[in-house]
Structure formats: structure tokens, C-alpha cells
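Just so you know, the sequences run in chain order F and G. Positions 1 to 239 (our numbering) are the ones given, in order, by the first sequence. Positions 1 to 250 (our numbering) are the ones given, in order, by the second sequence.
Heads up, some of the hints might be wrong.
[What the hints assert, rightly or not] Result set (DMTMM-like, lysine to aspartate or glutamate): computed pairs, CA atoms no more than 20 Å apart in a straight line:
| id | chain 1 | residue 1 | chain 2 | residue 2 |
| --- | --- | --- | --- | --- |
| 1 | G | 246 | F | 123 |
| 2 | F | 109 | F | 87 |
| 3 | G | 246 | F | 87 |
[Stated by the list, open to error] Distance ranges between label pairs, derived from CB positions:
| id | chain 1 | residue 1 | chain 2 | residue 2 | range |
| --- | --- | --- | --- | --- | --- |
| 4 | F | 163 | G | 175 | 42 to 50 Å |
| 5 | F | 122 | G | 71 | 28 to 36 Å |
| 6 | F | 65 | G | 147 | 19 to 27 Å |
| 7 | F | 20 | G | 147 | 19 to 27 Å |
| 8 | G | 145 | F | 66 | 21 to 29 Å |
Quick caveat, the hints were computed from the structure, so don't treat them as lab data. Here a beta-carbon is modelled for each residue, glycine too, at the ideal position from N, C-alpha and C.
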Amino acid sequence: MQIDLERKAFPGRAGEPPRVVLENVSITVAPGEFIALSGPSGCGKTTLLNLIAGIDPHFEGRFDQAPEQRLAYVFQEPTLLPWRTIEQNLRLVLPPEERSSDRPLRYLKRMGLLDYRQAYPGDLSLGMARRVSLARAFSIQPDLLLLDEPFVSLDEENAALLRRLLLELWEERQCAVLFVTHDLNEALELADRVLFFSPEARGIVHETHLTQPREHRNAEFLAELRRELTFSAPDKEEA
Amino acid sequence: MKQHSWGAWGSLLLIVGAWHLAASGQWIPFLPTPGKTLEVLWEEAQSGELWWHLGITLKRVLICFVIAMFTGSLIGVAMGRSERVNSTLDLWLVILLNVPALVTIILCYLSMGLVEAAALLAVILNKVPNVTVILREGARSFNPQFNALAISYRLSWADRFWHILLPQLAPYLAAAARSGLALIWKIVLVVELLGRSNGVGFQLHAYFQLFDVAGILAYSAAFIVVVQLIEWQILQPLERWSNRWKAVPA
Numbered sequence: 001m002q003i004d005l006e007r008k009a010f011p012g013r014a015g016e017p018p019r020v021v022l023e024n025v026s027i028t029v030a031p032g033e034f035i036a037l038s039g040p041s042g043c044g045k046t047t048l049l050n051l052i053a054g055i056d057p058h059f060e061g062r063f064d065q066a067p068e069q070r071l072a073y074v075f076q077e078p079t080l081l082p083w084r085t086i087e088q089n090l091r092l093v094l095p096p097e098e099r100s101s102d103r104p105l106r107y108l109k110r111m112g113l114l115d116y117r118q119a120y121p122g123d124l125s126l127g128m129a130r131r132v133s134l135a136r137a138f139s140i141q142p143d144l145l146l147l148d149e150p151f152v153s154l155d156e157e158n159a160a161l162l163r164r165l166l167l168e169l170w171e172e173r174q175c176a177v178l179f180v181t182h183d184l185n186e187a188l189e190l191a192d193r194v195l196f197f198s199p200e201a202r203g204i205v206h207e208t209h210l211t212q213p214r215e216h217r218n219a220e221f222l223a224e225l226r227r228e229l230t231f232s233a234p235d236k237e238e239a
Numbered sequence: 001m002k003q004h005s006w007g008a009w010g011s012l013l014l015i016v017g018a019w020h021l022a023a024s025g026q027w028i029p030f031l032p033t034p035g036k037t038l039e040v041l042w043e044e045a046q047s048g049e050l051w052w053h054l055g056i057t058l059k060r061v062l063i064c065f066v067i068a069m070f071t072g073s074l075i076g077v078a079m080g081r082s083e084r085v086n087s088t089l090d091l092w093l094v095i096l097l098n099v100p101a102l103v104t105i106i107l108c109y110l111s112m113g114l115v116e117a118a119a120l121l122a123v124i125l126n127k128v129p130n131v132t133v134i135l136r137e138g139a140r141s142f143n144p145q146f147n148a149l150a151i152s153y154r155l156s157w158a159d160r161f162w163h164i165l166l167p168q169l170a171p172y173l174a175a176a177a178r179s180g181l182a183l184i185w186k187i188v189l190v191v192e193l194l195g196r197s198n199g200v201g202f203q204l205h206a207y208f209q210l211f212d213v214a215g216i217l218a219y220s221a222a223f224i225v226v227v228q229l230i231e232w233q234i235l236q237p238l239e240r241w242s243n244r245w246k247a248v249p250a
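So that you can see chain F by itself, here it is in the shape it has in the complex:
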């Protein structure tokens, strides 16, 4: 997928000019690549995901994506429909001809939530709801997966569990991932490539390729990498 965003602006308040949040952002996403988008609040990371997903159609530029490619989005909030059971939530996003497939149940089982398939979202904890949201995204067998801080406000134990599950499912599916996070450690631990955004630059200010296998990215490696990043991109605001 090729992202060539020329400009994204939000209308200004009465009498004020439009507020430009992203300008000249160009990203080539290889199939199966895991890209983390990092940067402080307000630098346009979530906006970029919303543009790619088609939620916000007002922008200048183009996204080249094959029409048959499937896109899944894991939002900051689990965004489960409270009036549908967990299983019904998963089935709804499948194309109609695949709704009787056993994939939703398989993914619920992988998430350890098969026993909750007839429960309603209101009966689940936040951690469980986030796992359902991840299962829903993988149920459609996406080619491009968008994740917007999917582990925010979880305790470290739950967040680590979800990171492990995400990596397992991604390695199986080999879909391209755009993963928005404030947590630099999380970005460096999961991604093949980290793109650093800045609100002043209205786009990408730095890019880091991670070639080290994920199982070798221990605390020492991450600390060293963070130090290097601080020297190479001193204007970057870290999490």
C-alpha cells in the first residue's frame, strides 16, 4: 500500500484559518510489514488512521490500496456494539457470505474467550473487551490492520498478554500493520519500522528500521536504542 497524503486540515473556529495537522506524509507499506507510528498527542497519528480507513474523507492526497484488500481497525476504545453478543459482534464485520464461518469462534478461543461468546460486552472487563476487539479484527483476515493505541489504560500484565497475542496472530496472518502508540518501548518491541511524528513538522520527522529479531529485543537493547534515538533525533518528544 502506498500512502501519499499532501494535506489534511481541520476547519478553524469562527474567523480562524484551517488547522493543518498533516502535510506531505508519504509511507510505503510492504505486505506483512509491522509499522509503528509514534509521537506526542495532537501530531495526527489517529487522524492518519481515520483517513486510511475512510472514516474521514476530507483530505488532499491519495492512498493506493487494491480494492480487494481487507482492512481492519482496532480503535482506542473496544467499540463493541453493546446490544450484540460477543459472537454476534464478530460475525457482523464479516462479509455476508462468510458469516457462518467458524473463524470468529476460533479467534475467540485463541483469546481465551470462547466461554463468553454468548455474553454481552457490558459483562466483560476492559482487558477482555480489547481482546474481543482484536479477535474481531483478525476474524475478517485483514490485509491491512490499523491499531490505534489498542493497549492504552490496561495494566502491564494485560498489555503484555495482548502484545503477545497480537504478535502471534500477526505472524500467522502476515498482514501489514499500522500501529499507533505513545509508548516508545512498545513501538520498539513490536515493529519492523518506527515512524516518529511531530506536530510542529505536521508529519514524519524520523524513521527507524529494526532488524533485531523480536525475541532478542530485551530491556537492555531497548534502553540502548532509546539512547541512540535521543542522539539522532533530539527534537523528538519521547513517551
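Using the hints, position chain G against chain F.
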């Protein structure tokens, strides 16, 4: 039976008891006893008159209810979702909400004559603004995250309507239906009283001319029972079904 049901039945018995005392003790001279009212009700039912008039009124209530709910919902959702539609129609909505029902009925009869269509139109025009206001609030409360979900997962318009929009509107539809039923049957009786030759409203008018209070109370009681049955057998089960996912408060 739940405790609050006992309370409701107890209060009903109390009212009937007080009515009996007031009537038999001649505290209110024209008031017939509950027994006399039941007797008239039985006679009307036996002769078939009650069922015929009741059936006609219910048919009018049903037609007006369906058309008013459908039209009011469409306009309400459009106003709730589009600022342009809202600013265009808001003034008319306020005007229609504040025009007395009787004025609408008279204007409909004067312009169209004492015909069935005029009667139905008058009721519908009285109810549509009410449904519109409730559904406009429903449409304004749509969760934008669910819309984002529908767009990003490329849900069809049918899925969006049935599985995302309608469930969000359900509490507002239930409120509009309940208040609608209460309002419509009252207005239907007025249009029947003013310009129809059948229906419960017409019968009430006839008994009023004869100063037959037992007949008035018998028809009123029959209709109240029917409306209550609709509430218990249709509206409440529908509401329970649409709220089945909500946790029951302790």
C-alpha cells in the same frame, strides 16, 4: 406476581371501592355504580355494538399510529443528522407542536369535509411533531464510534441500519410509541366525536346527548382495557426484548 403489581391491583381495587361508595351513597348524583357500568358494558358486548365501534376506533388508531411513527421517525432522524434540515424544519416543528389538537381537527374537517381521510390526517398531524422531537434527540445521540466501525469494516447500508442505527434508536422509538399510543387514541376519540358516525368517540357523543353516564363509562373502560392490553402484550415485551442486553439494576 411482583410486589409492585400487587400495589397496582390494590390501588385499582381501592379506586373501584371508592367509586362504588360514592355512587351507591349518592355523593355524586349522576354517577352509576361499577356494577351498573359493567351491566351496560355486558349488554353492549352482547349486542355486538361494543366490538363494532371498538374495532373501528382501533383500526383508526392503528393506521394513524403506523403512519405517524414512520413519518415522524424519518423527519426526526433527518433533523437530528442534518443541521440544514433541522434549521429548515425547526420553526414548523415548534408551530405544529403548539397548535391545539382541536384547531388541527377543525381545519382538516373544514378543508376536506367530514370524511375519513380528514379524520385520519388530523390525528396524524397532531402526532407527527411529537414523534419527530423524540427521534431527533435519538439521532443526535448516535455514537460516532459505531459509525467509524461501520465505515472502516465496510458494512452494508442494510447492516448499518438494522444492527447499528436501529438499536441506538430503540429506546427513543419505544418512548415515542408509548406516548404516541396514549395521545393518538385520545385524539381519535375527539375526531370521532366531532365528525364521524361510528367509533367509540361517536358512541361517547351519543351517550352524552342522552346524558347516559353509565354508557360513557362503559365505553371508556372498554377502551382503557384494550390500550392496557396493548401495553402489556405488545409494547412491554418489545421493550424488554430491545433492552435484553442491559444489565438489570440491583
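So which hints don't hold here, by number, going up?
none
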